[in-house]
Amino acid sequence: MKETQTIESTNKVTKTTERITGSQAIVRCLIEEGVKVLYGYPGGAIMPVYDELYKYQDKIHHVLTRHEQGATHAAQGYARISNGVGVAMATSGPGATNLITGIADAQIDSTPMVCITGQVPSQLLGSDAFQETDIVGISTPITKWNHQITKASEIPEVIAKAFYIAKSGRPGPVLVDITKDAQFEEFDFSYKKCKGVRSYKAVPKTDASKIEEAAKLINAAKKPLVVWGQGVILGEAEEEFKAVIEKAGLPAAWTILGASAIPTSHPLNVGMVGMHGNYAPNVLTNECDVLIAIGMRFDDRVTGSLNTYAKQAKVIHFEIDPAEVDKNVKTDVAVLGDAKESLSQLLPLLNENTHEDWHQKFKDLYKIEYDKVIKDDLHPTKDGLTMGEVLKEINTYTKGEAAIVTDVGQHQMIACRYAEFNTSKSNITSGGLGTMGFGLPAAIGAKMAAPEREVVSISGDGGYQMTIQELGTIFQQRVAVKVVVLNNDFLGMVRQWQQLFFDKRYASTEMTNPDFVTIAKGYYINAKRVTKREELADAVKKMIESKEPYFLEVCVEKEDNVFPMVPSGASVSDIRLE
Amino acid sequence: MSEEIKQFTVSVYTENNIGLLNRISAIFQRRHINIESINSSVSEIEGVSRFTIVVNITESQMKKFIGQIEKQIEVIKAFYHTEEETIYQESCMFKIKSDLLFEERQIQNIIKESGARIVTVNREFFVLEKSGRKEEIELLHRELSAFGIMQFTRSGRIAVTKDEMKISSMLEAFQH
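In order, the protein sequence lines correspond to chains A and B. Numbering of the first sequence is given in this note's numbering, commencing with residue 1 and proceeding in unit increments. Numbering of the second sequence is given in this note's numbering, commencing with residue 579 and proceeding in unit increments.
One should not assume that every hint holds.
[As the list claims (entries may be wrong)] Label pairs and their in silico Cβ distance ranges: (1) B:Thr739 <-> A:Arg576: 28 to 38 Å; (2) B:Glu663 <-> A:Asn307: 26 to 36 Å; (3) A:Pro94 <-> B:Asp677: 52 to 62 Å; (4) A:Asn351 <-> B:Arg609: 34 to 44 Å; (5) A:Phe130 <-> B:Glu624: 37 to 47 Å.
Simulated from the structure, these hints should not be mistaken for lab results. For each residue, glycine too, the CB sits at the ideal point set by N, CA and C.
Build out the structure end to end from the sequences listed, making use of the hints.
Here it is in structure tokens:
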């Protein structure tokens, strides 16, 4: 800080500028944006920023992950549990390219994240310099916005814009690439939060007439079905949502990212839709007369074949992103805008209703699913342990208060189907991209954002090994996450498909696994392996009661399948129970 | 029920940004749609750029593309129009051996009838420029091909629409 000067702006507001370096400005911008924790990995082109982070350790906590991908997933976990913006930092070249999977994941799952990458000095751009990659070019199709800074004076405005864009409207990842010379350059710093970008409308205006049309359809419906997604959580519209379904007596089903917006035990919660969702909401999607989609995007894993998806129903779509309207499913009434706002406007227009006969259908179909699938998943009589019974024990000891962070595969579907959620933002998983390796680092971010909450990471033996090195981060930071691996020595979901659709040719899905308990112990993490049913409850209890990080491996039946299942490209009502 | 593929002219008003061309072209590339022509220039509004893109797709695809284009942060607004709704021009240039201009009388007739303009003539070659609709340019190209063309290039389409595009009022609305 060389000099301080005061500028009188025209509207008599006093602004102070200070002469500082670009790298100091970056850290100061992060502090201004309320960033308390960021995840990253240092390297040549970002070293000046790390030097500043060293000086600001009392204000901002940098977590060294063991791989840049881990930094992005940790930032995502942080954002998902807190509704804040996750921040990840990396150097140029391989550091930056290692962020790509996490950025793509955040883009498709609408997670607010700001990634900051160092870049070679501006005079070397395009010269194939050491650790130079065109990260702005590479990340363009998977970022909500990205920008390269080559002059220190751009830093405050661009970072302010980055946070605004990442968080506002439909959230998403933003990448800011900063050349090393801009990090060293001195300039007059002042910070102003971004309040708008003229070419970007974060939230489209809600049309009151559309809400009236929607209310009319809902009031006239005999067999209404709500399918809600993450929009309810991102829009913090949980209360408004609950009020709407309760008043109109609407059975409500969730997409994987919508899970936990209302408690699992809520009487109107009829379960998950989609490929491994519940039987009733999938079958009745093709029987309802009005389908009310709220903050969801009709992903193909939700809809199955579009040609046979809810063709009999009038479709109402509450959506913040105009590009999602009519993208996959043609809607009769599209209500653009923020879910919280739209639903609170909808509430007074709705008639009270209970739809008892219609609800009975959900109960009847649940009974079928219970007898054919759920009973054996949760209360198995065969020898091998099931993933479902592990979830049941976790529910018992967490009392539904834990945030469940999952990876991708069979365990993920089982966890989403059986985990009990009492509070919102409790299901953190990679839905759209299906990123194996997401779970463990995301759990680290989630636990750090919400240290008061129990955070249970559940992975399979495949995905766990994709980011297993983040055990090092858990150890170094003493993050008290509970890490469960459901080990079937297979890439279980792929094996299931091979069994069902490729005549049991198990190509490259069997895994010869290491001793996971020894590995965890190598990181000085308490660890236990369970192979027998009688050990399970105690082991889960001990894990949950631990105040420290804890690793639990459960060796489950090798060739169990996840049902129900809507085969790829089939109709949701052709869901298979076995 | 397959929908008819039509030619659309897309007008995209944007902030002037380095990476934007990449973002917009990626939207088409990702969905395996060929861009027939693309042109970028300043627009009638100071500081606002305008892309003119020609694509052959169905109207329902077109609407989805507009949604994806407008979703880009630095895109102010995107419009699509059919042939009938626009006035458009393309421009082309021919480089031809100068001898032909004097030896082949027919070339002079072709130039006169097509409304093409001679930009320059020297001892070796002359350069012909023609603006017009695609078919007119194609016709001229066919006619001159018989004599031999040293170089040929055609520009992307530029177009104005018959109806109004309310960009200025949108930008003003942001100021308030």
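- Query: Has the hinted range 52 to 62 Å been met by the Cβ atoms of A:Pro94 and B:Asp677?
  - Reply: Given about 59 Å between the Cβ atoms, the range holds.
- Task: Hint says 34 to 44 Å; check whether the CB-CB distance for A:Asn351 and B:Arg609 agrees.
- Result: Hint holds: Cβ distance 42 Å, inside 34 to 44 Å.
- Message: Assuming the hint says 28 to 38 Å, is it satisfied by the Cβ distance from B:Thr739 to A:Arg576 or not?
- Response: 52 Å Cβ-Cβ, so the 28 to 38 Å window is violated.
- So the hint says 37 to 47 Å: do the beta-carbon atoms of A:Phe130 and B:Glu624 match that? holds (41 Å)
- Message: Is 26 to 36 Å respected by the C-beta to C-beta distance linking B:Glu663 and A:Asn307?
- Response: holds (32 Å)
Of the numbered hints given earlier, the model fails hint 1 alone.
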